[in-house]
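Novice: Chains as they are written, first to last, in our numbering: chain A, 4 to 390; chain B, 4 to 390.
One thing to keep in mind: the hints can contain errors.
[Said to hold, decoys possible] Here's a subset of chain A near chain B, in silico, CB distances under 7 Å, partners left out:
#1 Val-8
#2 Pro-12
#3 Phe-16
#4 Pro-214
#5 Ala-250
Hints are computed from structural coordinates only; laboratory data are not their basis. In this text, a Cβ means the ideal position worked out from N, Cα and C, and glycines have one as well.
Read off the chains here:
Protein chains: 2
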Amino acid sequence: MNNFVFQNPTKIFFGKDQVQNVGTETAKYGKTVLVVTGGGSVKRSGLFDRVIDLLNKEGLTIHELSGVEPNPRLSTVKKGIEICKKENVDIVLAVGGGSVLDAAKGICAGAKYDGDVWDFYAKKATIQDALPLGTVLTLAATGSEMNGNSVVTNWETKEKIGVGSPYLYPKFSILDPTYTFTVPKDQTVYGIVDIMAHVFEQYFSHTPNTPLQDQISESILRTVIEQAPIVIEKPDDYDARANILLAGTMALNGLINMGKQTDWATHAMEHEVSAIYDIPHGGGLAIIFPNWMKYVYEENIEKFKQYAIRVWGVTTEGKTDQEIAHEGIEKTREFFNSIGAPATFGDYNIGDENIELMAKKATRGGTIGNFKKLTEDDVKNILTMCL
Amino acid sequence: MNNFVFQNPTKIFFGKDQVQNVGTETAKYGKTVLVVTGGGSVKRSGLFDRVIDLLNKEGLTIHELSGVEPNPRLSTVKKGIEICKKENVDIVLAVGGGSVLDAAKGICAGAKYDGDVWDFYAKKATIQDALPLGTVLTLAATGSEMNGNSVVTNWETKEKIGVGSPYLYPKFSILDPTYTFTVPKDQTVYGIVDIMAHVFEQYFSHTPNTPLQDQISESILRTVIEQAPIVIEKPDDYDARANILLAGTMALNGLINMGKQTDWATHAMEHEVSAIYDIPHGGGLAIIFPNWMKYVYEENIEKFKQYAIRVWGVTTEGKTDQEIAHEGIEKTREFFNSIGAPATFGDYNIGDENIELMAKKATRGGTIGNFKKLTEDDVKNILTMCL
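Extracted from the complex, chain A is given alone in its bound form (with noise of 0.2 Å):
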């Protein structure tokens, strides 16, 4: 186990109707909110009217910036920046999923420096202050309701990158599963894909020693495996999605990668796809993690068979440490084929026409990832593995 620092300082709100707590966190931040949210869900459900209600019981001052898209977009981020400086708000609070959530970070940060908030994501700057931030999430599947990071995408450049810092964990999270039940089924599988790849990320290390770490991400990734069936048929199963819901909170909240140097390759390639054709990024997860075990795995062959084992039960008689740590890579495709996921570029129609252009970008600052430094060369024969 390596030296590490943890702080979350987040506080959760888990639960039926747990929102009714949303108007008097807010006011402990100020009397001015900006309220950010998506592409209407949230309005559609009646969400939205209840947090505007709520607020305004505490006499709060409201606006709006709504419209946040899926692979949220740095001229929208620049929008929310713009109203908090003109009308000084004091907290931000985002009601939606983890392009919501991301993109109110980015406003966060934004509307606490007077450059371009995009040097935070070019790492031209690094964050030094934020409007406190505020969530009510309604999709299991970033973990950006704890945690201090934002992703964005700037469509000039083609590029999505993300940033990390103290500032933007949020005050407080709202997690309510019954919010989660409409989630139509393709975002609820691309939501259980991301949790997922975000312990993949994190459980796949040389870092000895940390087995309590492993064992507690070898849980999330069986909660996951067990509940998602249940929520893919019965969409209002409380108990599945309460529990698919936690699981994404623990999955990326700094809980299982304490002292382990983690991986994250899978999502910088996944960036450059999801820039280019902006796919949904959980469906481009799900093509491309079992790829990348299968070009890696040898670099610890014993991580992979404690994952096929512990994770999915495979049995070790009379197989080879090749076959075992196979049968557990197999077993992923197959889970992620049997909830509907994607499995090859293919099914977006993608193509090896960029396939140079994205390892090229992927590894513009040198090798990505640790588990194995992957060189252009490399991310070109994964995405290549992909189609």
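On the provided structure of chain A, position chain B as indicated by the hints.
Specialist: Same frame as chain A, now just chain B:
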């Protein structure tokens, strides 16, 4: 899963020589610090001098309270409060094990209160404010380094009671596994039992549908069970000490009881025993817990089967539910014995002379626990099984 609110703001510095941060972290909270220590081991080891040196480098004014007892006493807490009030202390720094931390928390709460600090423990008053607390931990056991709980013994009334408050979470805690190398074998064992007992109190619950919380609990238990023989055999094994230290922190920081009803009857019973006999908390728990398990397991035999199978690898073929559950309980007893924990009150020369009194005191506020609500008679029965 029940609704829940979770927030744990403590900043953890984990690993070798993380104490180097103690000066700068402490200085964030003021100019005058009260350093609280226990029986002298931190002075013999040189840790105390290192801490003082780092505090001096930040130009802090340092006051000291040493001699905090195992089962820390109200009288000692009051001494600390007096120093804080007289010297206008800004922050308390606890250097030691769980008892030192618990006493320091009492000091932090009492320093901001005009009445008798015991009011908080006796539930006559609620903590509304507290001095900030930093900790440098030297023992894996209580989890006090990352929670808002404090247990103190009032020797006049022979009461050992705990209090919890959001104000009592340490601002930061420094967890260096090397400081636990010199913990004597018996203290190491008591710590291991305490960690496992904390998990038991939260794991054995009737709350349905908590698969992730259960599996994380099992992960902590398996980690401790695997690593315990290593640290007992080789007290300076960094990796094993680190794994146990992290497990102890995760066992009682709010992670595994999210949305679950918890029990805590065994702790309540043990507090009565150590309030009279001043035995080590972990020793008392090692004696009582397997007997509590035997007494209550039929309330939810599925949970005890799950425990036996997943934590102890008990096989199920050809066995009744009862037999499977019993085997898990027996393995718990055998494990405690194998690491040298006491098995009966006789090991501490405790007879049946105070069982009636302890049962009466344990249930003075009504039944205790939730897995089975224990009456005075139930407590008497369980304590009698411990003889």
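Novice: None of the hints should be skipped; say for each whether it holds.
Specialist: Hint check:
{"no.": "1", "hint": "Val-8", "verdict": "6 Å, holds"}
{"no.": "2", "hint": "Pro-12", "verdict": "4 Å, holds"}
{"no.": "3", "hint": "Phe-16", "verdict": "5 Å, holds"}
{"no.": "4", "hint": "Pro-214", "verdict": "5 Å, holds"}
{"no.": "5", "hint": "Ala-250", "verdict": "6 Å, holds"}
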